[in-house]
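Take the given structure of chain A and dock chain B to it, following the hints.
Residue numbers (my numbering), protein chains in the order written: chain A, 1 to 418; chain B, 1 to 437.
It is possible that part of the hints are untrue.
[Claimed, not checked] Cross-link-like lysine-lysine pairs, in silico, DSS-like; alpha carbons within 30 Å at most:
| # | chain 1 | residue 1 | chain 2 | residue 2 |
| --- | --- | --- | --- | --- |
| 1 | B | Lys236 | A | Lys200 |
| 2 | A | Lys351 | A | Lys258 |
| 3 | B | Lys364 | A | Lys417 |
| 4 | A | Lys200 | A | Lys351 |
| 5 | A | Lys106 | B | Lys236 |
| 6 | A | Lys417 | A | Lys351 |
| 7 | A | Lys106 | A | Lys40 |
Simulated from the structure, these hints should not be mistaken for lab results. Keep in mind it's a predicted model, so treat the numbers as computed, not measured.
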Amino acid sequence: MNPQRFQITRVHVFAAFFIVVGLLMLWQAPGNFEADTISKMSFGLGKDAPLWEAPTRATLLVIAALYLVGGVLGLVNRWPRLTFGALLFNGILIFPAILIGAAAGKQTNMLTMLAETLRLATPIAIGATAGIWAERSGVVNIAIEGMMLAGACFGFTALFFIEPLLADNTNLALFLSVLVAVICGGLMALLHAWLSIRFKTNQVVSGTVINILALGLTSFVRREWLLSTRAGRITLPSIALPGLVDIPIVGEVLFNNKPIFYLMFVMLIITHIVLFYTPFGLRMRAVGEHPQAADTVGVNVNGMRYLCVVISGMIAGLGGAWFSLETVGSFDDGMTGGRGFIALAAMIFGKWTPFGAFGGGMLFGFADALGTRFQILNVPVPSQWLQMLPFLTTMVVLAGLVGRAVAPAASGQPYEKQ
Amino acid sequence: MADTKSETSVSPPKPTPNARPNLNWAELGSRLVPVLAVVTAMLFGGVFMIVAGTDWEAAQTAFRDHGLGGFVGQIIPGIAKAGIAYEALLEGAIGLGYVDPATIRAETYFITLLPLGQNSIIFIPRNLIDTIVRTIPFILAGLAVALGFKCGLFNIGAEGQLYAGALLSVFVGFHPIFSGLPGLIHLPLAMLAGIVGGMIWGAIPGFLKARTGAHEVINTIMMNYIAIRLADWLIKSREPLILLDTTASVPRTPFINQTAMYPLIGNTSLHLGLFIALAAVGLVWWFLYRTTLGFEIRTVGANPHAARYAGMSVSRNFVLAMALSGGLAGLAGAGEVLGVQHNLPPGFFAGVGFDSIAIALLAKTDPFAIIPAALLWGGLINGAGLMQVRADLSIDLVKIIQAFIVMFIAADQIVRVLWRIRARRGGEEAIVARGWS
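Chain B extracted, bound-state conformation:
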């Protein structure tokens, strides 16, 4: 981003004359930037926790009566609350907690790692597994956005594509036409329906961009809102009856057949979707870096003028990239239906679209880096519930932390200045998304 001199060019990596083969400190620092961005964002989130956890009227009175010391005394409970909140966040996210084992509910299985005073450091496998289950759609959706970025397209429409995929998938999953099928056919068919739904939803903005030049950012956002309204109508409509389960007390679709569900792994809530997501990561990497089509997509993303000059069809690549991106997001939506929820209520995917953008940015659009980034997201969201219970802080705090993470990733110079890391050299990665034209 530092050297966008002409409209879209990205300067090619300059070979540094004295590049040493082994890792030096400056380079390690550069690689640490995403981690430090997360840490910095957490610290900023802590400030919000302290602000929310402090009784400001009492602090005012204390400041008037006892000066600065009294004021600080009033802040301390807020700091303690932030500590509790982060402990709960960690415990909810990966299962590592520092609590009194007697307070844990009897049915929860946990392992005591180290008794320390009255409390012990414990590990609750259930929480970690829940986080991993939460992570699965984020891997696929993050991958979808990353694939779009590789072609220079900013796909904000993951949410709509998730809905489109989930709607088609749930239809194949529960509809009587498909109910006699054996699992070996029914499940792949339901997954395929999800992919196709997402692909259609993604290809429309791609086509509009290629054909008319309408910017994909606005069109994908519009497609999100349309998908949300469409899902709402399809699921709630009674006249005509389309997807609504009339026997249910809340509006949702009927449950899908057993044959279309992702098989569970062992006795846990982990499901086949995990392996599908991991396979998708490998597949996308292979597609982008080892195939001609992937090369074309990356070339168009780096410099469409050069790509056109080299005889590649920019329009075709726009449509292809958006369709593939939508397909991945659609698979993510299908996975949630087939593996976790087994039906589809309206408003199920609220916010996943923005999350997947954040994950793709955090991973710097590198397919393999998507996995840890998605895991972080799954952990934050899964841990937020326990944080809300323990520290009485709104779940939305996690959204603020997430926004800061993206901000520090996008403007990594802030992190570099804060943590005294050398400035970015030319040739380090740059994420490209263009202006209107």
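In isolation and in its complexed conformation, chain A is listed as follows:
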């Protein structure tokens, strides 16, 4: 259990990993890429966008050299700060390295890649925020997947019924549907809270119940009522933020997006402020870390937990609406496809903090976006392998980081007054 016992620390593992990768690149790059192959990286839209023409082989060799330097620093591990910085830099370098290798002899757009990553990170970051709300108050929520699914399904169902009534105002119908999705996520969470707080059911079991229930319920609703759908695949409209959208290069890509995308940032900021700068957040964290102490000073532990879990479910419901109402415009069985679970990993990656979770979301969003990008660039890798990427990333990240991340101490335990 304790890596110290083996006299090999995580730094050594990471360092060895980078040395292996660096050596592999040194060995493979000259053979696979001609000296005059160029990867064109454009940073914007249109013809006059800045373009970086990187010689593929040389750039990869430089990165490989950096990996070796970082790896050796890690193995020696004499200068902890320098080593940490080097390893972190190496970690970030993975992203351009992959893209430069994939775009050999072709052109790829880094800015749209960023936008795509952000877009695909949205449900994961929102789901992770939902997880933070539940777990910081001491309730493990593996039901985010189910709550998202419920939000996606019932949000779309609501649109299906509201849209004919509000034919002249589609946007209002969509907005109301998102609201329904949020409420339905909250209701699923209420069931989770009821089972795990009132009945002290094991929280992982209770979460699994919610997941199974959501899967059955949403498939049932779809087969019974949604198959005859005439809803014309409408999705939430893009909103251009006035002023910001006129910023050159990035404006059009980052500030002309759909509402839930913006709401993700709002959620992250609000969660951060509530969690760390308000009395409410202090109580919430106290309930999650040491419920007895919180109870002693007069905090209603179970009431707090009910509230936080329901808020968690509402946020997850919003994440569900991203799938059906913002992206696809219809509902399919199991359309969340494991994003709720990946969100949990992102939450752990971010050490139960909103901005950390956003970082985790970006990582998984990148893995997701890479799949489509590889297909566009005709990289000869089977699509199923690319679909595995986010899941593999999750496992690697969890294995590498979870030992250092500390969960709220009381997470997973029902509270009983002594």
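For chain B alone, coordinates are given in the frame of chain A:
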């Protein structure tokens, strides 16, 4: 679960001073809880049937025109539909039906038990046998999850382990290298391949948990998705050609050789896998309760701190339990390939993972109780098809009923309150699965 005061402790069974040796009513009530949970879940499912079977626009109009009476009048067809649905579910599940014998297809063999009016109570052996065949993988997969629970591990990855086992097993079953072998060697080899595949798939999350502390719930789920994608690639890939049968019209692997198939029992679709599953139940019970390794696994599950203090290796037991659990699930996957399907299409095991969790919870992780729990599951799924035809209700309704069953099992206080059964005493069973750390 009621007395988790510290992180993981489960209070030891307290000997009640005036415990009577023979069964009393309160105790019988406690034992009835799982049955009542199923009954309650069925009643809840009935509500969904009524909701789905009612014409709500007509009900609205009737309520406006004739008040509550008219409304109830409109609900009655929905209630009737629920009745039809449950009759069909029962008929599909165990073969007992109340139908007009003239409507049954000529080739179906049935026994008339009791003529009642125009319809008769009949028994169709074929349906019961199909249910039993459906039950076989559930027994093994449920056993796999239960074994994980015994070690305090929540193995959500049965689905992935089924795929891993089935993939290796089907490879051994059809590949020309193995085709000359006699059945006595080929079949055990194919089964072994299934077990090994599942074991590898299960041991990875176990190892990660033991070594890095990464929670098995997330890792097994990730392994599920990876297995699904991997199976999809292995079976569909043409360049390179791996497992695809290029002569088939749908993507699937070639059929396995006759020598690797489970022998059928008599003239039915029952196969050897039934006996293997039943033997596995006995074997797991013996392993858990009669061997040192099993004792260690249960100790680690009940209280890892105490286990470590007693000199047991918690890490080793995590890996061992996950590997054994995966092996059982892999055998379940192999059984479906060797006994029923004889090839492997992609997406074959969708949903079995969640089902096996539900079965393990329903059986309260008791190996022998897995058998009736799995039978219930097999029956529900087998009966769902007929229910869909007769009552025009989606098969997914069965999933809702299943979710309610698990919910009432997990939170049995709901059932106890509903059916007025005395509250749980300390020392009654508790299923342990821990938080993140």
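Hint by hint, here is what the structure shows:
Straight-line distance between C-alpha atoms of lysine 236 of chain B and lysine 200 of chain A comes to about 46 Å, which puts the hinted pair past the 30 Å bound. At most 30 Å may separate the alpha-carbon atoms for a hinted pair to count; lysine 351 of chain A and lysine 258 of chain A meet this at roughly 28 Å. The suggested pairing of lysine 364 of chain B with lysine 417 of chain A holds, with an alpha-carbon distance near 27 Å, which does not exceed 30 Å. As the CA atoms of lysine 200 of chain A and lysine 351 of chain A are separated by approximately 26 Å, the hinted pair is consistent with the 30 Å bound.
With a C-alpha separation of about 29 Å, the suggested pair lysine 106 of chain A and lysine 236 of chain B falls inside the 30 Å cut-off, and the hint holds. For the given pair, lysine 417 of chain A sits about 29 Å from lysine 351 of chain A by alpha-carbon distance, which is consistent with the 30 Å threshold. Restraint check for lysine 106 of chain A and lysine 40 of chain A: satisfied, since their Cα atoms lie roughly 6 Å apart, inside the 30 Å limit.
Going through the hint list in order, the structure does not satisfy hint 1, though it satisfies all others.
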